[in-house]
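Residue numbers (the numbering used here), protein chains in the order written: chain A, 286 to 491; chain B, 16 to 218.
Incorrect hints may appear among the rest.
[Said to hold, decoys possible] Chain A side only, calculated, beta carbon under 7 Å to chain B, not exhaustive: (1) Q316; (2) D347; (3) G356; (4) A357; (5) P359; (6) E491.
The set of hints was computed from the structure by calculation and includes no laboratory data.
Predicted model, so just to flag it, every value in this text is computed and none were measured.
Cβ coordinates follow ideal geometry from the N, Cα and C atoms, glycine included.
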Amino acid sequence: MRRRSDAATALLFFIIVASLFPLGVGAEPNQLRAIGPGVIWVAALLSTMLSLGRLFAADYADGTLEQLALGAAPLGVVVAAKAIAHWLVAGLPLVVIAPLIALQYDLERPLYGVLAASLLLGTPVLSLIGAIGAALTLGLRGGGVLISLLVLPLYVPVLILGAGSVAMAAAGLAPSGQLLLLAALLVVSAAFAPWAVAVAVRIGVE
Amino acid sequence: MLEAQGLDCERSGRTLFRGLTFSVAGGDLVRVAGPNGSGKTSLLRILCGLLAPTQGEVRWRGTPILRLAEEYSRDLVYIGHASALKDDLTPYENLDIACRLASVQVEREALVRALDALAVPALPVRKLSQGQRRRAALARLLLSRGVPLWLLDEPFAALDAAAAAHAEELIARHLKAGGSVVYTTHQQAALDSGARVIDLAVN
């Protein structure tokens with residue numbers, strides 16, 4: 286990692302967006318508790334989005350992507366590794382910092398674990414699906430905005446399940462249903478996204 | 016042995032070449048000639064499998080390259096216009112990554128020696144001149160002796176006379192060892208005399 290600032294921006298963006306809401310809507314504890322999970326999840330989506338453009342763009346520009354496509358390893362494996370790297374830099378820090386953000390929304394202590402667990406299961410899905418969008422928009426003008434338009438609708442199920450699991454737990458019910466569905470999404474996207482990304486990258490380098 | 020059978024290439028609605036058939040055996044040196052925009056780079060990209068031809072197919076040792084996939088990739092080195100070097104890394108690190116991706120096993124000393132041989136300074140790539148970058152990219156060839164097929168797009172561009180001579184010597188040694196080289200160039204190189212020419216202008 287020669288560009289530490291790149292990794293920091295996604296995390297700082299998440300913290301700032303999540304911190305703006307309490308300042309904007311006022312410090313009414315009940316209201317904050319109600320919007321907390323949703324806001325934190327939306328902030329996580331947006332900050333993941335922010336770093337997606339860089340996933341393949343630099344490699345595409347300097348020709349590395351061609352060499353990856355001609356590498357000895359199957360392209361699907363290589364892009365899966367890139368998606369994992371993206372998650373480690375852009376997703377994992379969010380999982381770690383989320384309980385601290387939850388403090389701002391006065392979420393109850395037991396919810397911290399549920400929030401972190403939902404992010405832990407959900408953010409890898411965001412990286413994997415995002416990689417498809419990043420690969421599809423390779424070499425297009427205005428790729429950054431296009432990625433958002435392509436990928437954000439696909440993020441909706443993750444958002445609903447992620448925020449829903451925390452809301453469930455807040456209502457005193459077991460969040461395991463939502464978390465299991467998130468885990469299922471993770472398994473499915475881990476199985477199919479690398480293949481889709483590899484196909485999109487091949488089209489991109491052509 | 017690389018065989019191209021009836022290759023057609025169409026880019027953005029324009030036909031670049033049609034019905035191109037040739038074969039490249041071990042020890043063969045093939046130069047792809049033609050004016051700018053005649054499809055030299057496209058042809059090389061088709062040969063390495065990055066670009067699908069509109070018609071026809073490329074076979075490596077009798078099997079279509081589409082079917083071989085990574086097996087074919089392991090048998091070739093492609094050095095394109097883009098240097099595939101990361102600006103933030105040193106040439107050593109870049110070369111190390113390139114070798115790992117190609118699953119070429121090399122010692123640390125061999126890497127250092129290859130870069131020294133081409134006089135590439137150990138600075139982050141962003142600080143290198145165009146010619147030095149090209150040398151850093153070509154250093155891969157020094158470590159790819161065992162790879163039978165070299166596809167080189169403008170290998171001599173931006174190189175000074177000494178580096179160009181060094182690159183030519185590398186190619187000559189590769190040919191003698193039974194490897195094949197397909198390249199494009201605009202410069203006059205001493206190598207050209209021994210090369211078979213595929214002229215895209217007449218196609």
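Status of the hints after comparison with the structure:
| no. | hint | verdict |
| --- | --- | --- |
| 1 | Q316 | violated (45 Å) |
| 2 | D347 | holds (6 Å) |
| 3 | G356 | holds (4 Å) |
| 4 | A357 | holds (4 Å) |
| 5 | P359 | holds (6 Å) |
| 6 | E491 | holds (5 Å) |
Violated hint for the displayed structure: number 1, the only one.
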